[in-house]
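A.B. asks: Spelled out, the chains give:
There are 2 protein chains.
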Amino acid sequence: MSGDVESTRLLGSAPIPIVAPDGPLDRILDDIHARFGATTDGAVASYIPELAGADPSLFGLALTTMDGHGYTSGATSTAFTIQSVSKPFVYALALADRGVDEVTRRVGVEPSGDAFNAITLEPGTGRPLNPMINAGAIMASSLVDGASAAARFERIRAWLSAFAGRELDVDEKVFHSERLTGDRNRAIAYLMRNAGALTGDVDEICSTYFRQCAVNVTCEDLSVMAATLAHGGVNPVTHRRVLAEELVSRVLTVMTTCGMYDNAGMWMLRVGIPAKSGVAGGICAVLPGQLGIGSFSPPLDAAGNSVRGVLACKELSERFGLHLLRAPGLPAHPVRSTYRSDAFSSKRVRSLRERLALAEHGAEIIIHELQGELEFASAERLARTVRSNLDGVRWVVLDLRRVGRIDETAMPLLIGLVDELTGRRVTTIFADPNGLAGTNRLLRDGWNTQRVRDTETALEWAEEALLNARDMQTLSPSVRVPLGVQELLAEVSREQGARLRALTQTRLYAKGDIVFKEGDPADALYFVTRGLVSVDTRTAGGRRRFRLSTVPAGSAFGELALVDGGARSSRIVAVEPTECQVLTVSIFEKLRQQDPSLCDALFRAIARSLSARLRQATQEIQSLEA
Amino acid sequence: MSGDVESTRLLGSAPIPIVAPDGPLDRILDDIHARFGATTDGAVASYIPELAGADPSLFGLALTTMDGHGYTSGATSTAFTIQSVSKPFVYALALADRGVDEVTRRVGVEPSGDAFNAITLEPGTGRPLNPMINAGAIMASSLVDGASAAARFERIRAWLSAFAGRELDVDEKVFHSERLTGDRNRAIAYLMRNAGALTGDVDEICSTYFRQCAVNVTCEDLSVMAATLAHGGVNPVTHRRVLAEELVSRVLTVMTTCGMYDNAGMWMLRVGIPAKSGVAGGICAVLPGQLGIGSFSPPLDAAGNSVRGVLACKELSERFGLHLLRAPGLPAHPVRSTYRSDAFSSKRVRSLRERLALAEHGAEIIIHELQGELEFASAERLARTVRSNLDGVRWVVLDLRRVGRIDETAMPLLIGLVDELTGRRVTTIFADPNGLAGTNRLLRDGWNTQRVRDTETALEWAEEALLNARDMQTLSPSVRVPLGVQELLAEVSREQGARLRALTQTRLYAKGDIVFKEGDPADALYFVTRGLVSVDTRTAGGRRRFRLSTVPAGSAFGELALVDGGARSSRIVAVEPTECQVLTVSIFEKLRQQDPSLCDALFRAIARSLSARLRQATQEIQSLEA
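Residue numbers (our numbering), protein chains in the order written: chain A, 1 to 626; chain B, 1 to 626.
Just so you know, the hints here were simulated from the structure itself, not pulled from any lab data.
Heads up, none of these hints are tricks.
So, partial list: chain B residues that the calculated Cβ filter (under 10 Å) puts toward chain A: (1) Pro24; (2) Arg27; (3) Ser112; (4) Asn130; (5) Leu287; (6) Asp564; (7) Ser611.
To be clear about the criterion: a stretch of chain B counts as covered by chain A if any three or more of its residues have a C-beta under 8 Å from a C-beta of chain A, and this derived list gives those stretches: (8) 63-71; (9) 247-260; (10) 264-271; (11) 310-324; (12) 371-377; (13) 397-405; (14) 601-607.
Every residue, glycine too, gets a C-beta built ideally from N, C-alpha and C.
Looking at chain A on its own, in the form it has when it is part of the complex (with noise of 0.2 Å):
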C-alpha cells in the first residue's frame, strides 16, 4: 500500500469509505505488485521524444470496485499521457453525439490484427477498420460534436474528466512533442480524407487528436472511468452517469476485440477482460459489474502494451478466474419449493368449516418459493416449473422474497408466462415484500394479477378467493359475535360468562385504527366482537412491515396480558370498522380472588391458544429454514 487511498477525487460527492490498511485484496495487489515490479523487460516508447524520457522503474495498479471503493498499490497517483486508453472513450463520445448508425458508417467494427499505426483501410470505402486503431480513432475524434477544434477538444476533455471523476489538463509538452512527430498520423488523415472517408480540416482534427493523446491521468483515474464502464456508465465515485447503458456494450465489444493492439486475441485468450492499452505505459480494463482496473508502467512489449501491466492483468485474472468466459458457476434452481395450500395454509383464524372447505380444495393454490436472481435463464426454468405443475391450479402465488433482482433478460418469459396464466383464467398474486423493479410489469388489468406485500397476505388472498368461489364466504365484518360464543370462553359456563360481561368494557375502533402498538403496555385482553384485525410486526432490521395474522370476529388478542405482562411485542390495526370487548389487566387481578375456577378456565384456554400459535410459529420457521 502507498497510502493512495484518500486521493483528492474534485467531481467526488461522496467519500470513499475508509477501512483500516491491508485488507485481503490490498494483500494479494501488493503481492502482485512486488512480483512484477522487478520484471526489466520491454522498452520505453521512443517514438515520441518526451515519452522517452519515461522512468522506467514506474509502476501502479488501482481497482476500483461498483460502489466506489478504491484499491492502490504503487505509483498510482503518478501523472502520465492517457493516449491510445482515451480510444474507446472518445468512440463513445462520438456515438453518444452522432448515434450509432453514422459512427459504424464512419468507422468499422472488424478486427484488423494489424498494428496501432496500421494504414490499412477498407478497400473501397476508405473506412478505417475499427476504431482502436490510430485511423479509426483520428475519425471517431473527428466525430465529436463542436463548433470549433478548441470546443471539440474542450468536450472531449470534460467527457475524460467525467468518466475519471476530476478533471484532467494537457501535458502541453507531450502534445507539442506529439504534434511536431505526428507526420504518419497526419498521412493516415489525408488517405482516409483522400478516399472521402474523413471530412474536415486534416491539421486542425489531427491536432484535436493529439491533445486528445496528451491528457494527463494517473492508474488510479484508469481504475475509475473502467469502473465506469464496468457500472453501466455510471461514474461508482461520483454517481453521475457518463454514458448511455445501451452504448456501454459496443464500447467494451471494441475492447474485446481490437482494445490490445495486435494482442487482442493473445490478451482475451490469457486474460479474458475488455481493455485499451496506451504507449505511455496505461492500461484500463473492465469487468462489466464487477471492477475497474487501471494499471501503468512504461516499459511496453513489441506489440505496444505495458509490459508489468499485461502480467499483473493476467495474474489478477488467473488468481481470481475474472476471464469473460471462464465456466460460470450454475446458478440454483430458481424454484426453491412449491407447496399447495392444502398443507400449509395462512395464519387468519378461521372457523372449523373454512378450516374444512380449504383442506379439501387447498390444491388450487399453489405456492413457489423463487430464490436467487431471475435473469433469462433462470426465468425459463421457473416458467416451466410453474407450466407443469398447473393440474387443478386456479391461484398461484410467487413468493419474491428471496428474489434480489428481477434482470431485464428475464422479463419477457415473465410476461409471456402470466400472460399465459391469465389466459387460463389462473389468477397470479406477487409476493413481494422488496418491491422489485419490473414487478409492476408483470400486472394485467383486472383480478387476474395481485402484487402484495408478504407471502402472509397472498395466501390469505388467495384463500379468501377461494372460500368466495366455493360460496364460502368468510364471516361478513357487520356479524356481531357475542362474548358467549368466544372461542377462547368455550369451557367457561354461561353465569361465568355473564359475569365476565359485565366486567369488559366495549371499544370501537374505525378501518385503519391502531388499537395498541409494540411497546405499549400488555394491559387488556381484546375479544374481537365484530370485524377484523390484523397483527403485525416490524423485520428484525426494523425496515418493514409484515403481517403475523389476522383476528376476525369470535376470537380474542393480546392474551399475553393476562400471563406475563410486560411490552406489546406486535401491533394490532382494524381492518375493517370493529369492536371488542376488553378485559383489563387490574379487573382481571380483582376477578382471580373472586372466581379462581373462572381465571383457571380462562388460563388453559390462553395456554392452549398460545400452544397452537407456538405451533404455528414453529410451522413457518420451518418454511423460513427450509
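Once you have looked at the hints, place chain B on chain A.
C.D. replies: For chain B alone, coordinates are given in the frame of chain A:
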C-alpha cells in the same frame, strides 16, 4: 412448434422433461422463426456442387438449456453438414490431445479480419493466424492424436458425437464433392508445410479435414453442442464431461474474436454471443452458463454466414438482452444484515446470571447474514464489511443459509479474510446449513474456525465460548438440579413440590438418545434434572433438521402435553447423559382433582413459558423475514 421435442438421443441417459407445448419461450421462438422464415436474402453456398442443391427455404432454430431441456422451431431435425462449425470443437480436441502450449505454437489466436479461405500466414513462422480460418482449422485437425488418418478421423467423429449426445455420421457425397473441389485448401496446406509449420501427409490431412466438414448434424445437435460448451464442458443432456473446464474458455475466446468469418466484429457488436457458422447454413452460439443455440438455414450472406441464422440470433440477443457485454444489473449487497449478540441471543435456556453476562459482553459476538452468490465482487464487499465491523469483536458468525453458491472467484478473498481474522485471534464461525462447496477450504486448524449446521448452533457456540472466556462456564452437565429449584415450579410451595416429586418417574438417557420425536403422543412433561437436551425439527420440505433450542438441567420441556395433548411437533435428543423427572398426563389428570391449586400454579407457569417462547419465535420469524 414442429414437434421435435422428443428427439432420439442415442447417448442420452436422462429423459428430457416433457412439458405441455407452447410455453412463453416456445411462442417467442416460433414468432422469431415465422418472422425471418420469409426472408429471401442470401444465396446457398455453391463452391461445393453438393451444397448448391440445398433447399433455400429450410430454417430451423433450437435451444438447449443447462438442465438439458430443448426448445425447437422449424427444420430442427433435418441433417446437413457441419462444415466450419466443426472448427472450434476440433480445435478443442487438439488442445485436449496436445496441450495448450504446443497448439498455440502451431496456431495463433489473433483475429485476422480475413475471409475464411484466406491464405495469409504469420510472416516468418508460416503459422496460421487463428483456428477459425481454414488454414488454422487444417492445422488443428492435423494435431489430433491418432495412429492413422482413419483413427484420427474416428477420434474427431466420436468427439463431435459426444458434444451432440448422439452418434454422428458422414455425408459421403458432400465429402467426395468437397475432396474433388478442395484445391484451395490443399494449396493452403502445402504453403504451411512449405513454411515448416505443418508436418505430415498433406493429402491425408486434407482428406481428414474434408471428412470432418462433411459430418452430418441437425440444428438440434448444434444447440446441444453449444449447450455443452455453455455448461462448462459437460453435455447437459447426457451429463458426460466432454471437454475439461479450463479449456472451455479458450475455445469460447477464439469463437468470440474470430468465429464469424470477417463479420466477427459486427457479430459481437450486434449479437454479442460467442458463435461459429458453417457454409451449409449452420450456426452454433454459446451463452455461457445459460443456453446453447443452434440454427440452420442454407442461404448465406456475403461473409458466408446464414442470413436467417444471423437475424434470428440477433433478435434472440436483443429480445432477451443476451449480449455478453451487456451492462449487468448490480447485485444486492452480500451482507443483508449485521447484528451483535447483545441484541439477539440464542434460544438456549439461560440463567439470569448468564443472560446478564451476554447482555453486557454480547457485542463481542457479531453475526453477518449473507445473501446471494459469493463471487469476486461480492466477496470483496463482504470482506470490507466484516473488516470494518471488528471493533471489540472476538467471534464472527457468517450466516450462509441464504448463500446459494461460493464461486471459485470468491475463494482468494475469503481465504484472506479468514486468515486475517485468525491472525487477529478472532474466531470465525460458519453457519452453513446448505453444506456449500468451498466452506471446508475456509477452515483452519485449531479452534479459530468452526463450521456448524445452523445459525442457532453458531450463536450458541459463540455464547458458550464467551461465557467460558468470562469464567462463567455454564452448568456442568454432571450437576444435578433437583425438582425443588426448577424454573417451572418457582411458584409452587415446598409441600406441593414434594407431592409432585412423588408422582414423577426418573428416566435416564445416554448421549444421543432420542427422548421423543415428531408425531409421538404428547403424554408427559419432562423436568431436566441433569444433563442437556436439544430440541430440533425438520424444515418444511423435510430436507434437513435444524435446532430450535437446547434445554439444560433446571428447565422443562414437553409442557404442551399438559395443555393440548395431541402429537409432538419436535424431536428431543440428549446432547449429554441426561436425567429427567417425568410427569405423565394421566397422573396429572388425577392430580387436577386432588390439588387444583398446584395445577393452577403449574398452568400459569406453563402459559408464561409458552408466552416467552412465542415471543422468541416471533423474533426468530422477524429475523428470517427481514
